[in-house]
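Listed below, chain by chain, are the residues.
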Amino acid sequence: MQRLSYLKPQTLEEALGYLNEYGEKVKPYAGGTDLMVQLREHTSKLKDVEYLMDVQYLPELRGIEVKDDCISIGCMTSHTEVNESPVLREHVPFLSIASSTVGSTQVRNKGTVGGNICNASPAADTLSPFVALNARLTVVSVDGTREVLVKEAMEKAGKLKFAPNEMATRITIDRLDGWHTAFIKLGRRKALAISRMNCAVALKLEDGVIADARIAPGCVFATPDRVEKAEELVKGQKPSAELFEKAGLAVSEEMIARTGIRWSTEYKKPVIEALIQRALCRAAGLPED
Amino acid sequence: MPLLGELNKNYKVINRSVPRIDGVDKVSGRAHYAADLKFVDMVYGGCLRSGHSHAKVTKIDTSKAKAMPGVLAVVTAADMPKPKSCAGPAAYMYLTDEVKYAGDVVALVCAETKLIVEEALRAIEVEYEDLPGVYTIREAMEPGAPVVHENYPGNKFKDSYFPIRKGDVEKGFEEADLIIEREYETQYIEHSYIEPEAVVCIQNPTDGVMTVHASAQNPFFTRRYIADVLGVGMNEVRVFQENVGGTFGGKEEGLGMLAARCAYLCKLVGRPVKMTFSREESFLESAKRHPFLLHYKVGVKKDGHIVAWEGSQIDNCGAYNNQTQFMNSRASIHSCGAYTIPNVKTDTFGVFTNNIHGGAMRGYSSPQLIWGQEQLIEEIAEELGMDPLEFRRINCLKEDTTNATGQVMHHVILPEIMEYTAKKTDYQRKHEEYKHQTNKHKRKGIGMSIAHRGCGLGAESPDASGAMAIANEDGTVLINTGLAENGQGLKTAFSQIAAEAIGIPYELIRFYGTDTQAIADSGMTVASRGTVMGSQSTRKVGYRLNEIMRGNALALGFFKDQEDVHDVSQIVLEDGFFHTTSKPDVKVPFKDVCNASLWTGRQMAAYEWFMPPACDQDHHTGQGTAFPTFAYGCCVAEVEVDMDTGYVDVVKVTASHDVGTAINPALVLGQIYGGIVMGQGYAVTEEVEVSKGKVRNQNFENYIIPTAADMPEMDVNIFECDDPAGTFGAKSIGEPATEAVGAAIINAIYNATGRRIRENPANLERVLLGKKLR
Chain A
1 MQRLSYLKPQ
11 TLEEALGYLN
21 EYGEKVKPYA
31 GGTDLMVQLR
41 EHTSKLKDVE
51 YLMDVQYLPE
61 LRGIEVKDDC
71 ISIGCMTSHT
81 EVNESPVLRE
91 HVPFLSIASS
101 TVGSTQVRNK
111 GTVGGNICNA
121 SPAADTLSPF
131 VALNARLTVV
141 SVDGTREVLV
151 KEAMEKAGKL
161 KFAPNEMATR
171 ITIDRLDGWH
181 TAFIKLGRRK
191 ALAISRMNCA
201 VALKLEDGVI
211 ADARIAPGCV
221 FATPDRVEKA
231 EELVKGQKPS
241 AELFEKAGLA
251 VSEEMIARTG
261 IRWSTEYKKP
271 VIEALIQRAL
281 CRAAGLPED
Chain B
1 MPLLGELNKN
11 YKVINRSVPR
21 IDGVDKVSGR
31 AHYAADLKFV
41 DMVYGGCLRS
51 GHSHAKVTKI
61 DTSKAKAMPG
71 VLAVVTAADM
81 PKPKSCAGPA
91 AYMYLTDEVK
101 YAGDVVALVC
111 AETKLIVEEA
121 LRAIEVEYED
131 LPGVYTIREA
141 MEPGAPVVHE
151 NYPGNKFKDS
161 YFPIRKGDVE
171 KGFEEADLII
181 EREYETQYIE
191 HSYIEPEAVV
201 CIQNPTDGVM
211 TVHASAQNPF
221 FTRRYIADVL
231 GVGMNEVRVF
241 QENVGGTFGG
251 KEEGLGMLAA
261 RCAYLCKLVG
271 RPVKMTFSRE
281 ESFLESAKRH
291 PFLLHYKVGV
301 KKDGHIVAWE
311 GSQIDNCGAY
321 NNQTQFMNSR
331 ASIHSCGAYT
341 IPNVKTDTFG
351 VFTNNIHGGA
361 MRGYSSPQLI
371 WGQEQLIEEI
381 AEELGMDPLE
391 FRRINCLKED
401 TTNATGQVMH
411 HVILPEIMEY
421 TAKKTDYQRK
431 HEEYKHQTNK
441 HKRKGIGMSI
451 AHRGCGLGAE
461 SPDASGAMAI
471 ANEDGTVLIN
481 TGLAENGQGL
491 KTAFSQIAAE
501 AIGIPYELIR
511 FYGTDTQAIA
521 DSGMTVASRG
531 TVMGSQSTRK
541 VGYRLNEIMR
551 GNALALGFFK
561 DQEDVHDVSQ
571 IVLEDGFFHT
581 TSKPDVKVPF
591 KDVCNASLWT
601 GRQMAAYEWF
611 MPPACDQDHH
621 TGQGTAFPTF
631 AYGCCVAEVE
641 VDMDTGYVDV
651 VKVTASHDVG
661 TAINPALVLG
671 QIYGGIVMGQ
681 GYAVTEEVEV
691 SKGKVRNQNF
701 ENYIIPTAAD
711 MPEMDVNIFE
721 CDDPAGTFGA
731 KSIGEPATEA
741 VGAAIINAIY
751 NATGRRIREN
761 PANLERVLLG
771 KKLR
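Line by line, the protein sequences are chains A and B.
23 is the number that the working numbering gives to position 23 of the first sequence; each next residue is one higher, with no gaps.
721 is the number that the working numbering gives to position 721 of the second sequence; each next residue is one higher, with no gaps.
If we strip away everything but chain B, and leave its shape as in the complex, we get (with noise of 0.2 Å):
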């Protein structure tokens, strides 16, 4: 059983649980964050929403404001250059008199205070003529239908359109005994990070270069917003980020919309400006975890072999389109579940709404799927009469078998995972038990998941990096890349990767995080990509640095009284010295040879770039290799029901989660902990309640998200394995963390009450009365 630490990986720093290097400032208070910071002449600016879901401006009258003492700057589209975003197909707008939802900006403001901004938007005077909107999925494909975009008629994204065709799903449905067909639908959901975006913009007066410090999670991403609305090049913009209160995919597009808008007032007024969302302001314009509507049908054999899966994912991409089409690449490829299924035919795509959009948020499909696919394989296993888990073990994927793409799977210890968290849990005799209980208030319930996840970006995009790592005099490295923290801890788990690879201790790294005009762009930290794939770079430019050290300890005669030395082969760099391989005991500090470096010009830095071996997948029938690797894990839920009222106590989360090489177990663990609490609140009270398109709750008091108190008692199993795909033999932790924990809550409830709830979440009212009460 490949527990952590059981397979005795004999690494010297990664693998090991070092403290966090900005942990103690995050605790304490001392770390600041974008919002924190003031500069000299500092201004404020503001955005001034609509609130219509779908209306043109029929007039704006700024004069009002314009008068006011203090304003700066009212703006409005008439008045921006280029008022629409780079951002693709359906891309956003700076500023717009179309309103296609309620967050959309029709002006803007800057003044000297925040309190002037505020009262100058009230002073703007806005009169729209509302036209008829779209805001369900069912409702947008209906034909006739109010048209968002007129480039995508029928509000069909076509270019988010992903099909799988694997084998001949007819002849499977043939061959079936039982052909079971299900509906899922999901909700909009907040990241509800604890800081809102903040921007602070402030041009150079010397060269000109706009300079932003902000909570981006992306400042590559940010940086190309910035660029756009100025229309200057990219190297005359500088994006440094601050530390980042949590993002889960949410301070992309939207951080870059808010950083283009600032950078656009700042130019304007010429003096430095800072603009943060308020909370109803990031409920509005941040975008949310897409709601999906999943219709499955799916033919089994008596004995419980799975032969035929159809699907139709169809997901809200809400007004505009915010990286839909990457997200259905992924929800296409995982369109089956972990299991193994001779046939398939998915088909995945979004539909545009006069709603708030649906972008990235931790999961990036997967939450939604797998909670709909693992509902559905208990309500199979039901009509079989036959127990989930031995249905699971039936159609899982296992050791060389293939997935929704066809991919053969290798190091697969999904099943051996799905034991171990099984009878960990005693889930066979509670589930069996649960079933016939009597009790007319409290019913105890117990539910199971299992996952799989492609590992980084795969088949979506390429997941490429660079990173750079220079070795001062003193024996202390810097590193960098264009990866970012966003609270994930990037930092540390990158310290230690590249401590590990250039031989040196961990506390004499440090990375101080993203500048852009430090660094190359190495992709987005997305897709729990970061540790995975994004820190070979860091890996490889540590294994460089190594050998360029050893090559100056040579070429500088530190071992030149071993006169078999002759060769920098015969030189190890470890623990912070350097030794021959003949005499490991003679150690020369690395600090000395960095020192010699530098007087005598020899070459102590270096760059390296990561290119992963291609995916390729055949883009008619989805079939290929779509990921490097695959990671795996088993969730169980057991919770208390209030037969009553409705209300569900999670009471106990198992989840297990392999993640072939734990580079830091305890942040690893802190990833997962998260992860379950999100997935709690995913399934049980989180919804952004949209009611044509205006946005119900915008703040935290009717947004219920879990408090400490609502947190379950949490067990977590780490497995490794000897997967070489990732960094070090690294999986994704991040979005599996949380993926498949809303699944097993709703499995545990269903358990409990014997109703299905197949339209999350599962809140008061719909746990007691089977439905939404409005």
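Just chain A, same shape as in the assembly (with noise of 0.2 Å):
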């Protein structure tokens, strides 16, 4: 067992100064709900960690607030609070859900969204989601603010693009008003379930046609992506099962180009192009049998 040291800041500003003090050495702490697991597996990424550092209460990092033209989410918000805002449901509707299938009950009451996104696992049900919707993390320092995409934020899995001194704050989204969403998850069981893959799709719908598209899958990339090619070949199409077919096969295209044939494509392939099609059926109000 690691010996730590456990840093509770009562303001951003003094997080941000054991931040730059103390660098690699301090780990923030939302719900703990994989960090702490990773430290009894004595994970090599956190060998070198001195002290915990425990964000969940800094104002700063909680709440949900709808903008204008954007939804800023606090990294501090748990997945059940996120699965139970009315706003994200009204406005986000494939990220609650995606939130209510994370781990259990009682993961879903201690983890948080800024953990799911800054744990860096490429299987997190959250991520395709906010890939979808743009997501961009404010990430802070003594030296000052910037943004970044969420799919921009991961240099590979387990591992953020981050300066040893920052940490993430709040996470934006677009919104997406009048858009249909779908968020479909395969595990192997029905609660408690590591995503196998995953998608989270939108689609805005005018006059019966695809004006505008975001497919984001999960688990299929390195790091979390959407797959443009497959957006552009809805767009200003008609919704249909045959369309959504062909988007299936783009993104399962991609991830093939990616990531090239590894032993799990046999099956991986045949699922994300019907994960895909299910879930663009669903968001387009399509039977999906």
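No lab work stands behind these hints: they were computed from the structure.
Don't be surprised by glycine CBs; every beta carbon is placed ideally from N, CA and C.
Don't take each hint at face value.
What the hints assert, rightly or not - DSS-like mimics (lysine-lysine), calculated; alpha carbons at most 27 Å apart, straight line:
#	chain 1	residue 1	chain 2	residue 2
1	A	K246	B	K440
2	A	K190	B	K560
3	B	K26	B	K64
4	B	K444	A	K269
5	B	K440	A	K238
6	A	K47	B	K66
7	B	K652	B	K423
8	B	K442	A	K238
9	A	K269	B	K560
10	A	K269	B	K440
11	A	K190	B	K771
12	A	K190	B	K652
13	B	K652	A	K269
14	B	K772	A	K190
Unchecked claim - Per the computed footprint, the stretches of chain A lying under chain B, defined by three or more beta-carbons under 8 Å from a beta-carbon of chain B, are:
#	region
15	179-191
16	267-273
Both chains are sitting in their own frames, so use the hints and assemble them into the complex.
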């Protein structure tokens, strides 16, 4: 067991001061639902950590604010809070659904959306809707504040492109008023399941035609991303199962183009195609079977 | 149709759903388990596992660990006088420097705190020389394969070989119109009890008795290891069984090994020592359900009669022997399923590999066998163009037919159970309809399986037991037996049985659990034998106490005003009151006679032993009587398969079981509900993934057991019958509850997809692609 010191800054300034002073020796603690498990497993990326800094109660990291063109979610918002938020249910229902599929009730009560992103697992359930929502992380340090797209925040699985003195405070997402969204997760069981694969899609329909689209598959790329080729393919078209089948194919082609043929491709290729097609059908209100 | 209650069995205490004795304690969290216990000056022990599958320890340096403040002892194999355990052929090692599997322990640490134990374990430096190993059944049998145990050349565990030779199988194949050959392979399964193994040892400072509080399935079995490692008499070891948070066959050898190591450290440091397994250690050292490689060749006539059945059933023992020989005895007896076939030739044996070891796990080979056999039955029916229910009707065991061992079967209500279940689930119509589905994405399936199970230990080993009953002067009664509560409700069932036999209310009985210095060993609480055979001595001692107390009532003059009463046979004890046969309205309370008995020095306790009639099988042919009786069951599963992802949703399971007499119907239901979900995990999601002996999944984030959200709708039908073999007519249910479920699910998946999965579990990848990904 690592011997760790517990830091509980009362203000964001204090927290940034600790980060600046201790750098990689300090690890921000959100809900702990991944971090505590990784510590118990002696995960190598945490071997130099000496301080856990509890940032759960910093006011800058909390609360959901709906603005004119976007929504700002504090990083310490729990999955349960995201799931139960009436405004998120109204404006971005697929994020709400994704939050409801994370782990167990206890994990959703403690685990946070900021933690889910910053843990940088490609299998994180909320990553796909966040990427579909062009989510931006507000990253702060004593040196200032910057914004980074969630899809560009990860260097690789388990690692963020953050300077040692930086931390994320808020997530800003597009408002997709009037869009139709869907999130589908494939797990090995109905609760307490890690995504085998998932996908988040959003469609803007105008006069029966797809005016705009967001397609974000989960667990298929090294770092999460939308598939613009698939989005372009459906834009300007009428929704149909055939069209969405092609979109699925575009996603699987992109997966293979980026990650190559792997031992798991034989399974993942047909399944991500089916999930994309199914999610698009669900978003467009078409029958799925 | 003898469903529960229809036979009017007229019992007073049994056959009723009385509340569990330990129910409120467990549900409210009041119950303590071994890991909860704390003692003054208690310290902690821990194990260093090699993580290597087959290796020699070339160097082990414990100096850094020993130098750490708070470390009391560091022990390696070289330090231990007797590192090899007593557990029969290919016995486990308490400590070893010749690693045979990833869970082998190379060092022990004892320290003031758990944290120091963990740090000291990490400070031990070990160098290994890896050796070539064998991992799969096929590899182990290849000529020239590395040998796991020198005294078992070719890795064949010869002591676990059991043949069945019935009729003339060659002649059978000549008569056959169709011959079908198939192979099935099953996986490693973890018991997944919620409570990991835990032991606390304290050496009594006065008399030196090693006192052990343990989450032991079988306290007497645990005692054997402790006496062995300490080199003391069994009367110098006292094992208390604490509440057990699930075991399912898992807290036997593994728990014994843990208790022995803990007792050794306790004696070494002279302080109480607690050792508990982490979940990962539990995955690594507890036995698993044996993987079986099943190969069957079956000859069948056009009219649907099976005329020949040939098979080999080979199980992967892993690195050490864990009951494989007993398991294979059962596997051989059940090697042609719940069918009567004139010509049978099967061979069952185990092979050693450098893997985690197979052992007892709820079913004791039957979930594996039935999983293959019940698929095979449907495959044959399909080849014949016959409805699978009709094919089962023709061949299944019926009254006065014979099983694989040639035993003539009696009280066979299997056909009745099967027909009832098929009708209730609309099996035939759905099965036919689902074959022709055209839905692209989601398809329904329905599947059936039938099973028979020899009750108790049968010919495996003697199914004898002893029990004690003590009446107190206030009219309460204590019972005790060498069988142990394992969470299945044994204390409750045994108390009901004792109350029924003594003739007093259930509430007057208490069974506090097992202490090895309070009662004789009654064999293990395994094989679903507790109620069916293990409680025979409890019933017997109840009758004996009834007789004793009636004698006391007579001798003490409680009925002296009834002049015609002069013999104990004229006195009845029922519902907690004595009366005479001639004047049933004049009642004397049980407690009055108890009180008077104490102060007059009369006997008010008894001990009885029960030994069942011997089973008798020929060693060379397996022919003969294998079990006193059999329990029958039928399971129908309904699934929805996602054809795009391979996800299987088990929607509904209908399970019908012959329990003879339901001692406590609520506990029977509990057994069956749990059994169904365990069967679901076995069929769909669970697999301890082993790669060259290394266990990939060691915790529940990636060893996938069904959650409450995954549970199917369950419809349970309890059947009773008049079979007198078990206690008050009871039959086994713990293992029957789970053994046939997996087969029904896998048949339902086939009904939906048209693709056979002959290697389980039917996880996402296998259902979609028909194979394991890696």
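Each hint tested on the structure:
{"no.": "1", "hint": "K246(A) / K440(B)", "verdict": "holds (17 Å)"}
{"no.": "2", "hint": "K190(A) / K560(B)", "verdict": "violated (70 Å)"}
{"no.": "3", "hint": "K26(B) / K64(B)", "verdict": "violated (43 Å)"}
{"no.": "4", "hint": "K444(B) / K269(A)", "verdict": "holds (24 Å)"}
{"no.": "5", "hint": "K440(B) / K238(A)", "verdict": "holds (22 Å)"}
{"no.": "6", "hint": "K47(A) / K66(B)", "verdict": "holds (24 Å)"}
{"no.": "7", "hint": "K652(B) / K423(B)", "verdict": "holds (15 Å)"}
{"no.": "8", "hint": "K442(B) / K238(A)", "verdict": "holds (25 Å)"}
{"no.": "9", "hint": "K269(A) / K560(B)", "verdict": "violated (90 Å)"}
{"no.": "10", "hint": "K269(A) / K440(B)", "verdict": "holds (17 Å)"}
{"no.": "11", "hint": "K190(A) / K771(B)", "verdict": "holds (23 Å)"}
{"no.": "12", "hint": "K190(A) / K652(B)", "verdict": "holds (15 Å)"}
{"no.": "13", "hint": "K652(B) / K269(A)", "verdict": "violated (31 Å)"}
{"no.": "14", "hint": "K772(B) / K190(A)", "verdict": "holds (21 Å)"}
{"no.": "15", "hint": "179-191", "verdict": "holds (count 5)"}
{"no.": "16", "hint": "267-273", "verdict": "holds (count 3)"}
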